[in-house]
Amino acid sequence: MSHIWSMIAQRLALGLLTLFIVSVLIFLATELLPGDFAEEILGQSATPETVAAIRRELGLDQPMVIRYVQWLGGAVQGDFGNSLANRRPVAELISTRLGNTLFLALYAAAIAVPLSLALGILVALFRNSAFDRIANASALTAISFPEFFVAYILILWFAGAGGYFPSLSTLRGDPDLLEKLYRSFLPALTLTLVVTAHMMRMTRAAIINLLASPYIEMARLKGMNPMRVIVKHALPNALAPIINVIAINLAYLITGVVVVEVVFVYPGLGQLMVDSVASRDMPVVQAVALIFAAAYVLLNLAADVLSTLSNPRLIHRR
Amino acid sequence: MRNSSLITGGVNRRGVLKGASALGGAALLGPMGAKMASAQPMRGGTLKMGISHGSTTDSLDPGTWENDFTNLMAYTRNNYLTEVAADGALVPELAESWEASADASVWTFSIRQGVQYHSGGTVTAEDVIASINHHRGEDSTSAAKPIVEPIVDMRADGMNVIITLAEGNADFPFVLSDYHLAILPSVDGAIDVTSWDACGPYALEELEWGVGARLARHEGYWKTDRAHFDAIEMLTILDAAARQNALISGEVDFIDSVDLNTVHLLQRAPGMNVVSVTGTQHYGLPMDSRAAPFSDNHVRLALKYAIDREQIVETILNGYGSVGNDHPIGPSNRFYNTELEQKAYDPDRARFHLQQAGLDSLDVDIHLADAAFAGAVDTGVLFAESAASAGINLNVVREPNDGYWSNVWMQLPFVATYWSGRPTEDWMFSTAYSDGAPWNESYWSNARFNELLIAARPELNEDLRREMYFEMQQLVSDEGSTIIPMFASFVMAHSDALARPEVIGANWRDDGLRIAERWWMA
Amino acid sequence: MGILLNILYFIAFIVASMAAGWLFRAVVIAVFPGRIAKEMRTAPLTASFGLFMILLYIIVAVFAPWIAPFPETEIVGREFQPWDSDNWLGTDALGRDMLTRMIYGARNTVGIAFATTTLAFVMGAILGLLAATVGGWMDQSLSRSVDVLMAIPSLIFSLLLLTIFGTSVLTLIIVIAIIDSTRVFRLARSVSVTIVVMDYIEAAKLRGEGRWHLITREILPNALAPLVAEFGLRFCFVFLAISALSFLGLGIQPPTADWGSMVKENATLITFGDITPLLPAGAIALLTVSVNFVVDWQLHRASGLKE
Numbered sequence: 001m002s003h004i005w006s007m008i009a010q011r012l013a014l015g016l017l018t019l020f021i022v023s024v025l026i027f028l029a030t031e032l033l034p035g036d037f038a039e040e041i042l043g044q045s046a047t048p049e050t051v052a053a054i055r056r057e058l059g060l061d062q063p064m065v066i067r068y069v070q071w072l073g074g075a076v077q078g079d080f081g082n083s084l085a086n087r088r089p090v091a092e093l094i095s096t097r098l099g100n101t102l103f104l105a106l107y108a109a110a111i112a113v114p115l116s117l118a119l120g121i122l123v124a125l126f127r128n129s130a131f132d133r134i135a136n137a138s139a140l141t142a143i144s145f146p147e148f149f150v151a152y153i154l155i156l157w158f159a160g161a162g163g164y165f166p167s168l169s170t171l172r173g174d175p176d177l178l179e180k181l182y183r184s185f186l187p188a189l190t191l192t193l194v195v196t197a198h199m200m201r202m203t204r205a206a207i208i209n210l211l212a213s214p215y216i217e218m219a220r221l222k223g224m225n226p227m228r229v230i231v232k233h234a235l236p237n238a239l240a241p242i243i244n245v246i247a248i249n250l251a252y253l254i255t256g257v258v259v260v261e262v263v264f265v266y267p268g269l270g271q272l273m274v275d276s277v278a279s280r281d282m283p284v285v286q287a288v289a290l291i292f293a294a295a296y297v298l299l300n301l302a303a304d305v306l307s308t309l310s311n312p313r314l315i316h317r318r
Numbered sequence: 001m002r003n004s005s006l007i008t009g010g011v012n013r014r015g016v017l018k019g020a021s022a023l024g025g026a027a028l029l030g031p032m033g034a035k036m037a038s039a040q041p042m043r044g045g046t047l048k049m050g051i052s053h054g055s056t057t058d059s060l061d062p063g064t065w066e067n068d069f070t071n072l073m074a075y076t077r078n079n080y081l082t083e084v085a086a087d088g089a090l091v092p093e094l095a096e097s098w099e100a101s102a103d104a105s106v107w108t109f110s111i112r113q114g115v116q117y118h119s120g121g122t123v124t125a126e127d128v129i130a131s132i133n134h135h136r137g138e139d140s141t142s143a144a145k146p147i148v149e150p151i152v153d154m155r156a157d158g159m160n161v162i163i164t165l166a167e168g169n170a171d172f173p174f175v176l177s178d179y180h181l182a183i184l185p186s187v188d189g190a191i192d193v194t195s196w197d198a199c200g201p202y203a204l205e206e207l208e209w210g211v212g213a214r215l216a217r218h219e220g221y222w223k224t225d226r227a228h229f230d231a232i233e234m235l236t237i238l239d240a241a242a243r244q245n246a247l248i249s250g251e252v253d254f255i256d257s258v259d260l261n262t263v264h265l266l267q268r269a270p271g272m273n274v275v276s277v278t279g280t281q282h283y284g285l286p287m288d289s290r291a292a293p294f295s296d297n298h299v300r301l302a303l304k305y306a307i308d309r310e311q312i313v314e315t316i317l318n319g320y321g322s323v324g325n326d327h328p329i330g331p332s333n334r335f336y337n338t339e340l341e342q343k344a345y346d347p348d349r350a351r352f353h354l355q356q357a358g359l360d361s362l363d364v365d366i367h368l369a370d371a372a373f374a375g376a377v378d379t380g381v382l383f384a385e386s387a388a389s390a391g392i393n394l395n396v397v398r399e400p401n402d403g404y405w406s407n408v409w410m411q412l413p414f415v416a417t418y419w420s421g422r423p424t425e426d427w428m429f430s431t432a433y434s435d436g437a438p439w440n441e442s443y444w445s446n447a448r449f450n451e452l453l454i455a456a457r458p459e460l461n462e463d464l465r466r467e468m469y470f471e472m473q474q475l476v477s478d479e480g481s482t483i484i485p486m487f488a489s490f491v492m493a494h495s496d497a498l499a500r501p502e503v504i505g506a507n508w509r510d511d512g513l514r515i516a517e518r519w520w521m522a
Numbered sequence: 001m002g003i004l005l006n007i008l009y010f011i012a013f014i015v016a017s018m019a020a021g022w023l024f025r026a027v028v029i030a031v032f033p034g035r036i037a038k039e040m041r042t043a044p045l046t047a048s049f050g051l052f053m054i055l056l057y058i059i060v061a062v063f064a065p066w067i068a069p070f071p072e073t074e075i076v077g078r079e080f081q082p083w084d085s086d087n088w089l090g091t092d093a094l095g096r097d098m099l100t101r102m103i104y105g106a107r108n109t110v111g112i113a114f115a116t117t118t119l120a121f122v123m124g125a126i127l128g129l130l131a132a133t134v135g136g137w138m139d140q141s142l143s144r145s146v147d148v149l150m151a152i153p154s155l156i157f158s159l160l161l162l163t164i165f166g167t168s169v170l171t172l173i174i175v176i177a178i179i180d181s182t183r184v185f186r187l188a189r190s191v192s193v194t195i196v197v198m199d200y201i202e203a204a205k206l207r208g209e210g211r212w213h214l215i216t217r218e219i220l221p222n223a224l225a226p227l228v229a230e231f232g233l234r235f236c237f238v239f240l241a242i243s244a245l246s247f248l249g250l251g252i253q254p255p256t257a258d259w260g261s262m263v264k265e266n267a268t269l270i271t272f273g274d275i276t277p278l279l280p281a282g283a284i285a286l287l288t289v290s291v292n293f294v295v296d297w298q299l300h301r302a303s304g305l306k307e
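Protein chains in written order, with this note's numbering: chain A, 1 to 318; chain B, 1 to 522; chain C, 1 to 307.
Since the hints were made in silico from the structure, they are not lab data. Worth double-checking, as some hints may not be accurate.
[Stated by the list, open to error] Computed cross-link-like contacts, SDA-like style, restricted to lysine to any residue with a CA-CA straight-line distance of at most 25 Å:
| hint | chain 1 | residue 1 | chain 2 | residue 2 |
| --- | --- | --- | --- | --- |
| 1 | C | K38 | A | K232 |
| 2 | A | K180 | B | A231 |
| 3 | A | K180 | B | E206 |
| 4 | A | K180 | B | E205 |
| 5 | C | K205 | A | R228 |
| 6 | A | K180 | B | K223 |
| 7 | C | K38 | A | R127 |
| 8 | A | K180 | B | E208 |
| 9 | C | K38 | C | L170 |
| 10 | A | K180 | B | A125 |
| 11 | A | K232 | A | F126 |
| 12 | B | K223 | B | F352 |
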């Protein structure tokens with residue numbers, strides 16, 4: 001087991017390095033974007049004098065490197081600074097939205113992961129049957145529709161006049177958990193439809209890939225029930241790729257849902273990121289980018305640890 | 001479905017002119033509007049609005065207000081010295097009355113007594129001066145800096161505020177109705193831009209930028225015949241389809257902007273009312289008059305005749321607007337030039353002007369993004385199609401929405417722009433057409449025009465002013481460097497839960513952004 | 001009744017698709033004797049339907065100017081005209097013929113998606129295989145750089161890059177390909193890492209085969225199956241990426257027709273039950289399903305299962 005701990009330690013160290021490089025990249029990319037905060041926030045009303053006054057006030061007239069080092073100095077001490085736009089602490093701006101984003105991601109994952117695993121196992125069991133084809137074709141059709149379009153169709157069916165679910169998931173006025181689940185059902189369902197196909201197909205492929213191996217052949221020749229063969233014998237060995245694709249999709253649910261947020265007016269991090277990029281609000285952009293990167297790094301690490309644990313040969317390495 | 005007030009085409013323009021008294025209001029409503037207005041305003045209820053703007057980067061600083069969320073909240077929370085009434089006339093708000101010196105350079109405003117802030121204090125002359133000063137001075141970061149630039153001195157005299165301008169301006173009180181110039185409480189001559197306090201009809205209760213706000217009626221509000229709702233809920237809904245869905249499913253009662261592609265379908269939905277008003281909002285295509293080939297007026301005229309305005313109004317605006325005549329003064333303005341010949345699509349005439357410019361054909365790029373106005377890119381596509389038959393090869397380049405105003409607009413030679421318009425001719429012309437103005441987006445400089453602009457500004461004789469503004473419209477239309485193909489209506493929608501007055505403001509969206517204090521529950 | 005009718009249409013559609021697949025298979029077997037016919041005989045109906053559709057898309061894409069009833073950008077009437085004998089699928093928001101736009105969309109969208117996915121796979125697979133074969137610092141530096149790129153959400157990353165470098169078709173292809181190639185890299189690397197330690201690779205190394213030979217002749221053929229499976233999905237993600245970008249105001253330059261942007265342009269109509277936006281979305285879906293049916297068939301053959 002000890003090498004798992006050392007792997008975790010090593011990966012966490014590498015993860016910190018990744019975060020640092022991401023922060024440099026994001027900083028550079030935002031700097032390279034045309035226009036700075038002063039120009040973007042004034043938009044059509046920008047005049048040279050006002051732009052200069054804003055830059056003076058916020059220290060944007062200082063060289064790029066100095067601004068980055070200042071930001072980094074604060075960040076390593078846990079101080080992410082204030083938003084340039086409304087001067088509020090970044091931590092305060094982000095905290096509720098981070099909670100909302102995680103809530104929606106978990107909600108969607110709680111539906112999508114069991115669903116795609118079950119479907120994946122079933123289509124592997126009934127491979128090449130009509131059920132397999134139809135399940136596959138439906139899942140593929142669902143992911144070939146852009147997210148906003150899936151959302152519109154769901155709204156047409158489930159919301160609208162006299163609908164069952166609200167078309168807006170604003171989460172205003174501190175709803176309790178049940179109310180929250182009800183209000184954010186449609187965005188969660190949209191995301192489920194978006195990620196299910198990928199996980200289901202990977203489950204199917206990983207299982208089918210093993211079905212020709214001699215030990216499965218053996219189990220079948222012994223007359224074992226096909227469902228049992230798959231769940232007991234094939235699935236444990238197919239877990240590694242499945243866990244990996246689940247991790248990728250979970251990361252997507254946290255970092256990539258801005259379009260769904262916009263359509264359902266869901267107050268998550270994606271919209272905050274896009275708004276902040278648009279107005280070049282560097283401290284907020286940086287903080288959100290770091291959260292996204294950290295989520296990705298941690299999920300990947302968790303996936304690798306879990307795949308290692310799922311494989312005895314990797315735990316008891318010689 | 002009830003669809004009132006469609007102002008399109010010539011017939012309706014006459015209607016507007018007839019209805020436009022004194023200062024030209026533009027809201028012309030159909031018979032349904034009149035019937036609804038006869039109902040007595042009802043007190044109570046919550047107005048729930050879906051707003052097409054709002055960003056997590058907005059703030060309470062009046063100098064940063066710039067979108068329809070911040071601006072609507074501005075008029076919902078605040079009062080101003082003056083108000084542009086629904087019919088377009090200027091009426092007193094916090095300033096009870098005002099008078100000007102003979103050359104219109106010294107203005108005395110007498111401030112209303114006993115107007116209460118939400119927190120309980122009263123509005124003083126010092127607050128007024130501090131509120132305006134917030135936008136002045138070298139260190140001011142306010143977007144409103146240019147409009148208060150002409151002020152050289154302000155002083156309080158009891159409840160009077162005396163403002164001295166660098167030069168006379170007959171329209172100065174109009175400027176004070178601008179959404180930036182909210183009157184806020186001051187301490188030691190400075191306003192607190194993070195405070196929630198204000199003196200308008202509704203007080204902030206909840207606010208999350210980019211999501212929404214909730215406001216409750218200010219019980220001590222001095223206007224007794226206004227502010228009928230108990231509470232106001234504003235919700236940012238950026239996506240057009242989501243906004244419409246929210247209205248249809250009853251989650252909001254009003255949406256400030258309707259997707260023009262589907263407005264005909266929304267009209268058919270039961271209980272939905274589409275409201276549109278044509279005011280001063282116009283969409284333009286400015287050309288850099290310093291850069292070849294646009295430096296030649298014949299090239300500019302060729303392009304002006306190569307655009308099919310009727311088709312663009314029909315297709316891009318779905319008919320919700322009227323054709324423009326390459327100058328920014330709308331039919332609702334006081335001195336709108338009624339004698340000017342309307343430019344129309346004429347490929348032969350475009351070719352003629354090309355030949356005059358010594359060209360057989362013309363290849364130009366136009367840089368567009370829907371950030372300029374909804375449908376800007378499609379406008380370019382239609383323009384390119386109609387210009388092709390005049391021998392003009394117009395290449396539409398779609399620019400990213402992000403960074404459009406800093407990277408494309410006023411940077412590249414042929415772009416798109418929008419203006420909500422300004423209530424007065426002088427304000428509009430000096431903002432975007434006078435020589436050297438920061439927003440002179442076409443870099444146009446015309447000696448005669450600039451001379452007239454300065455002469456007309458302090459002129460108190462209406463007839464002389466009209467004559468001068470007529471000539472200026474002619475100059476901008478025939479020699480200016482901006483194609484203005486259309487005046488776009490503000491198209492809003494509300495459910496049957498709401499009732500509205502007979503005439504609604506056309507100077508801004510949302511009944512002049514004052515829907516919260518002018519409308520009521522049905 | 002409405003639901004029953006819909007189910008009936010659905011069944012009719014499936015039956016028609018299967019019939020098309022069967023007919024196509026029969027024709028191919030009859031026309032091309034030998035190897036192709038032998039392969040084709042093993043194809044299930046779904047796969048031959050998929051092949052048929054892909055062929056159809058290619059024909060439409062290649063011969064677009066001859067098939068389309070109108071020029072790509074011509075405005076033929078008023079906006080949103082209903083389906084009639086002149087404009088079979090009606091007109092779009094600007095009054096251009098919808099059928100024409102769909103046909104040209106096939107050419108532009110499929111072309112761009114194919115170019116992007118191919119580029120992403122060439123880059124991702126070569127680097128992934130290289131990282132696995134060489135190992136050591138090469139593996140570490142490549143893997144960590146890819147980690148950094150993948151840690152930035154792809155939509156926001158492409159938004160940043162496209163805003164910085166402009167939105168020409170070439171930049172669009174390169175940006176999406178680079179972002180996609182990171183995913184391909186990971187897959188290619190993780191698959192080949194398990195292959196590299198196999199005995200036959202060791203044997204090849206002892207034989208003194210060069211690195212290039214190892215990668216192309218020994219590792220790649222054995223890593224191909226999962227890569228092909230991934231290709232089927234990645235292909236579809238390019239359409240979605242373009243569509244999501246046009247949701248944020250970027251994407252393909254007008255007046256070029258492309259399905260991703262067409263879905264976006266007409267999407268609001270669906271909220272009123274108008275099916276116009278289903279046409280481009282359906283075209284994307286049909287192609288995705290077809291490609292993946294073929295991929296499934298190939299995967300099945302590669303897995304060695306005999307049923």
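Going through the hints against the structure:
A threshold of 25 Å between alpha carbons decides the hint, and for C:K38 with A:K232 the separation of about 37 Å lies outside it, so the pair is violated. A C-alpha spacing of about 24 Å is found between A:K180 and B:A231, which places the hinted pair at or below 25 Å, so the restraint holds. With a C-alpha separation of about 19 Å, the suggested pairing of A:K180 with B:E206 holds against the 25 Å cut-off. For the proposed pair A:K180 and B:E205, the alpha carbon gap of about 22 Å is at most 25 Å, so the pair holds.
For the proposed pair C:K205 and A:R228, the alpha carbon gap of about 41 Å is over 25 Å, so the pair is violated. The straight-line distance between the Cα atoms of A:K180 and B:K223 is roughly 40 Å, outside the 25 Å bound, and the hint therefore fails. Between the alpha carbons of C:K38 and A:R127 the distance comes to roughly 23 Å, so the proposed pair stays at or under 25 Å and holds. Between A:K180 and B:E208, the direct Cα distance comes to roughly 18 Å. Compliance with the 25 Å bound is thereby established for this hinted pair.
Straight-line distance between C-alpha atoms of C:K38 and C:L170 comes to about 40 Å, which puts the hinted pair past the 25 Å bound. Distance hint between A:K180 and B:A125 is unfulfilled; the C-alpha atoms sit about 48 Å from each other, more than 25 Å. Between A:K232 and A:F126 the alpha-carbon distance is near 16 Å, which keeps this suggested pair within the 25 Å criterion. Only pairs whose Cα atoms come within 25 Å are accepted, and B:K223 paired with B:F352 is rejected, the gap being roughly 59 Å.
The earlier numbered hints that this structure contradicts are 1, 5, 6, 9, 10 and 12.
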